[in-house]
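Chemist: Produce the complete structure using the sequences and hints provided.
For reference, the chains in residue letters:
There are 2 protein chains.
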Amino acid sequence: MKLATYKDGSRDGQLVVVSKDLTMAHYANGVATRLQQVLDDWNFLSPQLDDLYVSLNHGKARHAFSFDPKLCMAPLPRAYQWCDGSAFINHVELVRKARNAEVPASFYTDPLMYQGGSDDFLGPCDKALFASEDLGIDFEAEVAVITGDIAMGTDPQQALDGVRLLMLANDWSLRNLVPGELAKGFGFVQSKPATAFSPVAVTPDELGPAWSGGRVHLKLQSQWNGQRVGLCDAGNEMTFHFGELIAHIAKTRNLRAGAIVGSGTVSNKDWSHGYSCIAEKRAIETIESGSPQTEFMKFGDTIHIEMMGKDGPSIFGAIDQDVTPLHEAQTQASQD
Amino acid sequence: MKLATYKDGSRDGQLVVVSKDLTMAHYANGVATRLQQVLDDWNFLSPQLDDLYVSLNHGKARHAFSFDPKLCMAPLPRAYQWCDGSAFINHVELVRKARNAEVPASFYTDPLMYQGGSDDFLGPCDKALFASEDLGIDFEAEVAVITGDIAMGTDPQQALDGVRLLMLANDWSLRNLVPGELAKGFGFVQSKPATAFSPVAVTPDELGPAWSGGRVHLKLQSQWNGQRVGLCDAGNEMTFHFGELIAHIAKTRNLRAGAIVGSGTVSNKDWSHGYSCIAEKRAIETIESGSPQTEFMKFGDTIHIEMMGKDGPSIFGAIDQDVTPLHEAQTQASQD
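Protein sequence lines, in the order shown, are assigned to chains C and U. For what it's worth, the numbering used here labels the leading residue of the first sequence as 1, then goes sequentially. For what it's worth, the numbering used here labels the leading residue of the second sequence as 1, then goes sequentially.
These aren't lab readings, by the way, just hints derived from the structure by calculation. Treat the hints with caution; some may be incorrect.
Pairs of lysine to aspartate or glutamate, DMTMM-like flavour, derived with a Cα cap of 20 Å [what the hints assert, rightly or not]:
1) K7(C) <-> D40(U)
2) K7(U) <-> D149(C)
3) K70(U) <-> D320(U)
4) K97(C) <-> D270(C)
5) K251(U) <-> D270(C)
6) K251(C) <-> E328(U)
7) K219(C) <-> D205(C)
8) K251(U) <-> E328(C)
9) K251(C) <-> D134(U)
Selected chain C positions facing chain U (Cβ under 10 Å, derived; list incomplete) [stated by the list, open to error]:
10) R11
11) D134
12) L135
13) L177
14) F188
15) P193
16) R256
We treat Cβ as the ideally placed atom computed from N, Cα and C, and that holds for glycine.
Modeler: Structure follows, in structure tokens:
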């Protein structure tokens, strides 16, 4: 099943069911108006949405319309939790190697995760607004899951049963603010602005055998200004699978339905696969030549993030964002 | 106006208006059923709740009933953001001095804040569940605000206009997990379990002149196992006021209605005022005698946190929690 949230001027938007091939959609308001509502009562509501999904795929849903990702909010426009891992340890190794820092041994057994802001997510085609290019604007292409209720102390394998939906994420990062916040030790408040998510969230069965062992064994594509810069395997090299990430959070507290958990930047040891964030490209350049050559993003830059199934078509639809000056957006809003 | 959320078996509970003296309550369902709904549409709904509040205070609300804090969830049982400061720099100074670490100069101009989990808050009288005493169980008595929408780039003074409600918080901390997470630099995931909040959230006008300059100029009381251990001034020594904390978060992103922002442990330079968390007591002992004597909390311990107005009575009602073993709660649940 594939679900999206259409913009309707409200904070939570309107839940729509989207066809498997992402061409058609249908309002779900006969069942539920908002995705959080479905997550709160998953066992009762999701089978009803699935019926609609089957009808839609068979061309039998009465009020179907063409699906337009540009009209989408994030599947959950706001959530009660967004906790992001750094589950591809290769990413951590590269970034640390570039600054001559060791990776502590514990990093291979204890996931690195940060709690992110979850009150104001971006839709897949929303402009990404920044006050200045000097912040070190970077994309981060990731896979994320939305969970059901997970009880404190749940083990990694059980935690996997709590995965309700999967999405792609663009975890925007302000690299020039990261060192200061890392030094404070309290995590990221300013260096991780609003995160964007893919047009649709899909149930794990949509991935078929590619969803295995708590990992998505497919390639994540990143195009920066129209040029493909990354085609990274999101599966094998994910050091901690999603069950392990969820269980890490659940060690001392419950997770409640609708919690979003991210993989962190998808990263492969084989550099020929490219990169899912510019920081990594710069780390590689530093390792190779002593200093980074690639600059961070500029106003007007575009980023496109997408994942294709083994059989070809896009699974989640694409994240397609422009890097936009905050003052420009504010000026325009005041003229509207 | 004073608002609370009654347990009704649902995830978000039932909004009630509570009388100024905390003796009577009235369901708000003629206006709104959930507090988040009110925050989403504050200018339209809050005056209607205020009318009910006035009637209730005059003994003229038709279906009023006795208010019982034990039936309360947190005013927002789950929220889209919980971001907690360490705004009383004296607390930071003490803890650092005890481990012979300097306070960086930037800490006096740049607030220390962490993003917390907000999907599973505790009610004021809910048991606090922990897997083991070895985690280093500690309370943290704080003041917190709930905001309206705050735009990216809002300055501290404007940000204060966005404060909708105030509460008390008990930001449970697992001290023995803190050093490991601090070293990772990504903030607190496991060492900050579910936070508890006071029975009622109040509008700033309820504090009268005690709400001034973005600070609450009243004393915060902490009783551990029935003994008063802290009576700390929550006003003057708050290095960063709430507007500054909110503006810090808003530097690179919007805050949306219902974001909760905390002061961090209330702490005074004059040690005779006592402490609002055990870590601070242990820091003082270490400074004085070379090592901490006071142990962290044990199963069966109780904590009571409350704030009285200048004229006497409790403003927010009391947080009253028991430290409870997780396995005991789980066994009981399986027998229910």
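Chemist: Give a verdict on every hint.
Modeler: Each hint, compared with the structure:
no.: 1; hint: K7(C) <-> D40(U); in the structure: 16 Å, holds
no.: 2; hint: K7(U) <-> D149(C); in the structure: 18 Å, holds
no.: 3; hint: K70(U) <-> D320(U); in the structure: 9 Å, holds
no.: 4; hint: K97(C) <-> D270(C); in the structure: 16 Å, holds
no.: 5; hint: K251(U) <-> D270(C); in the structure: 37 Å, violated
no.: 6; hint: K251(C) <-> E328(U); in the structure: 17 Å, holds
no.: 7; hint: K219(C) <-> D205(C); in the structure: 17 Å, holds
no.: 8; hint: K251(U) <-> E328(C); in the structure: 17 Å, holds
no.: 9; hint: K251(C) <-> D134(U); in the structure: 14 Å, holds
no.: 10; hint: R11; in the structure: 6 Å, holds
no.: 11; hint: D134; in the structure: 12 Å, violated
no.: 12; hint: L135; in the structure: 7 Å, holds
no.: 13; hint: L177; in the structure: 7 Å, holds
no.: 14; hint: F188; in the structure: 7 Å, holds
no.: 15; hint: P193; in the structure: 4 Å, holds
no.: 16; hint: R256; in the structure: 4 Å, holds
Checked against the numbered hints given earlier, this structure breaks hints 5, 11; the rest are met.
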